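Enquirer: Below, each chain spelled out in residue letters.
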Amino acid sequence: MADQTTTLQIRTPEGIRFSLVLAGPTSRLLALLVDFACIGVASTTISTVLRLFALISQDIFMALTILAGFVISIGYGIVCEWYWQGQTVGKRLLRLRVMDEQGLKLQFSQVVIRNLLRIVDSLPALYLVGGIASLTSRRCQRLGDLAAGTIVIRTPKVQLPDLEQLGTEKFNSLTAYPHLVARLRQKVSREEGAIALRALIRREELDPAARLELFRELAALFRSRVAFPAEAVDGVSDERYVRNVVELLFEQRGR
Amino acid sequence: MIIDLERFTATEKPFWDELERLLKRVEDDPACRLGLEGAARFHYLYQRASAGLARLDGLAAPPEFRRYLESLVARAYGEIHSSRDNAHRLVPRIWLLETFPQTFRRSIRQFQLAVLITIVGAIFGAAVLMVAPEEKGMLLPFDHLHGSPAERVATEEQEAGKRLAGHKATFSSSLMTHNTQVSIACMATGMTWGVGTIILLFYNGVILGAVVLDYLAAGQGVFLAGWLLPHGVIEIPAILIAGQAGLVLATALIGKGSGLTLVARMRLIWADLTTLIGGVALMLVWAGIVEAFFSQYHEPVLPYSVKIAFGVVEFCLLVLFLGRSGRGGKVAGRG
Numbered sequence: 000m001a002d003q004t005t006t007l008q009i010r011t012p013e014g015i016r017f018s019l020v021l022a023g024p025t026s027r028l029l030a031l032l033v034d035f036a037c038i039g040v041a042s043t044t045i046s047t048v049l050r051l052f053a054l055i056s057q058d059i060f061m062a063l064t065i066l067a068g069f070v071i072s073i074g075y076g077i078v079c080e081w082y083w084q085g086q087t088v089g090k091r092l093l094r095l096r097v098m099d100e101q102g103l104k105l106q107f108s109q110v111v112i113r114n115l116l117r118i119v120d121s122l123p124a125l126y127l128v129g130g131i132a133s134l135t136s137r138r139c140q141r142l143g144d145l146a147a148g149t150i151v152i153r154t155p156k157v158q159l160p161d162l163e164q165l166g167t168e169k170f171n172s173l174t175a176y177p178h179l180v181a182r183l184r185q186k187v188s189r190e191e192g193a194i195a196l197r198a199l200i201r202r203e204e205l206d207p208a209a210r211l212e213l214f215r216e217l218a219a220l221f222r223s224r225v226a227f228p229a230e231a232v233d234g235v236s237d238e239r240y241v242r243n244v245v246e247l248l249f250e251q252r253g254r
Numbered sequence: 565m566i567i568d569l570e571r572f573t574a575t576e577k578p579f580w581d582e583l584e585r586l587l588k589r590v591e592d593d594p595a596c597r598l599g600l601e602g603a604a605r606f607h608y609l610y611q612r613a614s615a616g617l618a619r620l621d622g623l624a625a626p627p628e629f630r631r632y633l634e635s636l637v638a639r640a641y642g643e644i645h646s647s648r649d650n651a652h653r654l655v656p657r658i659w660l661l662e663t664f665p666q667t668f669r670r671s672i673r674q675f676q677l678a679v680l681i682t683i684v685g686a687i688f689g690a691a692v693l694m695v696a697p698e699e700k701g702m703l704l705p706f707d708h709l710h711g712s713p714a715e716r717v718a719t720e721e722q723e724a725g726k727r728l729a730g731h732k733a734t735f736s737s738s739l740m741t742h743n744t745q746v747s748i749a750c751m752a753t754g755m756t757w758g759v760g761t762i763i764l765l766f767y768n769g770v771i772l773g774a775v776v777l778d779y780l781a782a783g784q785g786v787f788l789a790g791w792l793l794p795h796g797v798i799e800i801p802a803i804l805i806a807g808q809a810g811l812v813l814a815t816a817l818i819g820k821g822s823g824l825t826l827v828a829r830m831r832l833i834w835a836d837l838t839t840l841i842g843g844v845a846l847m848l849v850w851a852g853i854v855e856a857f858f859s860q861y862h863e864p865v866l867p868y869s870v871k872i873a874f875g876v877v878e879f880c881l882l883v884l885f886l887g888r889s890g891r892g893g894k895v896a897g898r899g
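Line by line, the protein sequences are chains F and B. Positions 0 to 254 (this note's numbering) are the ones given, in order, by the first sequence. Positions 565 to 899 (this note's numbering) are the ones given, in order, by the second sequence.
Hints are all accurate, no fakes.
Within a straight-line C-alpha distance of at most 30 Å, the following computed DSS-like cross-link-like pairs (lysine-lysine) qualify:
no.: 1; chain 1: B; residue 1: 700; chain 2: B; residue 2: 726
no.: 2; chain 1: B; residue 1: 588; chain 2: F; residue 2: 156
no.: 3; chain 1: B; residue 1: 577; chain 2: F; residue 2: 169
no.: 4; chain 1: F; residue 1: 169; chain 2: F; residue 2: 186
no.: 5; chain 1: B; residue 1: 577; chain 2: F; residue 2: 156
no.: 6; chain 1: B; residue 1: 732; chain 2: B; residue 2: 700
no.: 7; chain 1: B; residue 1: 577; chain 2: B; residue 2: 588
Don't read these hints as lab results, they were simulated from the structure. It should be emphasised that the depicted structure is a prediction, and the values quoted were computed from it without experimental measurement.
Based on the sequences and whatever the hints tell you, model everything.
Expert: This is how it looks when you write it as structure tokens:
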């Protein structure tokens, strides 16, 4: 099995690096099942509408039904992925998107090729070839993706963290001891600071008991690194203490 | 270096929000044009977000921050650095009269190879039928070809085309969809380093060779030409062009001596594959109509000479079209 990666690193001409999270076979399979259902519903609906032609000629009705079914099954993925920029109904629901493997937008020919090559990926049955290919290829690509130079990425809804949660406008009793603050910055690693910051930003999402326990542990960790005088920490809750420490760690020096 | 995250966010957020609004606008409407000023502003916002991302690099900012900026920069990067082809601005006339024949000629060697494989298959099919006529049922997958050619000719001439009465449109659409599926398979199986394409072309050749020999041996050459030529002169080349597309794919996949990476080789053929398979689909629509509404009528309804002449004219026009059309015009780009 190839050395599979879960993210694709892109380096822009400006020298900036960013990563795209690759979709796994399970989410892709679920999206495919949703798309099959959509194709089924669309074919049935159109067939029902076309039934009106049966009043004129049963032959024309049958011919149009066969053509419509074929066009929908072949064209669904192509039309959706072209107009929705790499997404079908299933991919939208599962927050997946097809992209060029260099992080660029899809070309029409890429969309056509990856969809037409489904015929090989679905061989001999139940997408066995495509499934094996995406399990073994480095970037979870089925054969259609390999030919079209595409990847399927996850596009979770990402929002900027709410920094209001930090409450840095509040009084910070630790600032009265600059020498201890300097030591704190020395003793606490960047990663530990980031964990505490993340905990503060997400504190409203936590279960009350877990929140108490988390901030108790974080406060204990920071207290073990630098001991502030009792008058600075008396009556300060664990969560407030962590907030104060994070403020000191992340505040720009000399502000 | 420790960053003042709140101050950083307060300064940059208005720019990120503006970039997000612009991105939504261009993503929701692929035909959207920002204008020179808008594009310059978009580029500035992208660079500013990129710079913000670079500032976060190696810092202890929470991962959500990085993910947010990465998603913003990734979306903007895709918009700024891509030159999306204008499929919705395709001019059908230019595509048909220039792009398709030019693309066909550009990969003529693969077409010749597809023809050769089919001919080898046809010789094999004819040879097998000659040596072991009892294997006819195995060689020919269509029931109506299993019987005696002479009997079929007599029956169909007597029916005078009534066999398909009331089913012609259905028959025609079935032919179109089936043949298009076979063609797509012929192209797509090029992904098996061409093995699948070669097998399909060879198998088609086997059927063709066996049918031709069967009818010629039975003295039904005229009927065969009248029945096969009107649709076959378009249908068979269409399958061969699909095979050509499969072999183009296989050539890019193998990439012997090209000196390019697999990705670069594939990028060069995307547009050609799409054009070839589009042309094939169009040819098969025509062949399906002709087969259902013309080829199934025999003498005395339609003289064989008319059918054969029709087929010959079609073939000459096809050769002229594929060989000459679009010469001197703007050469369609690759990739």
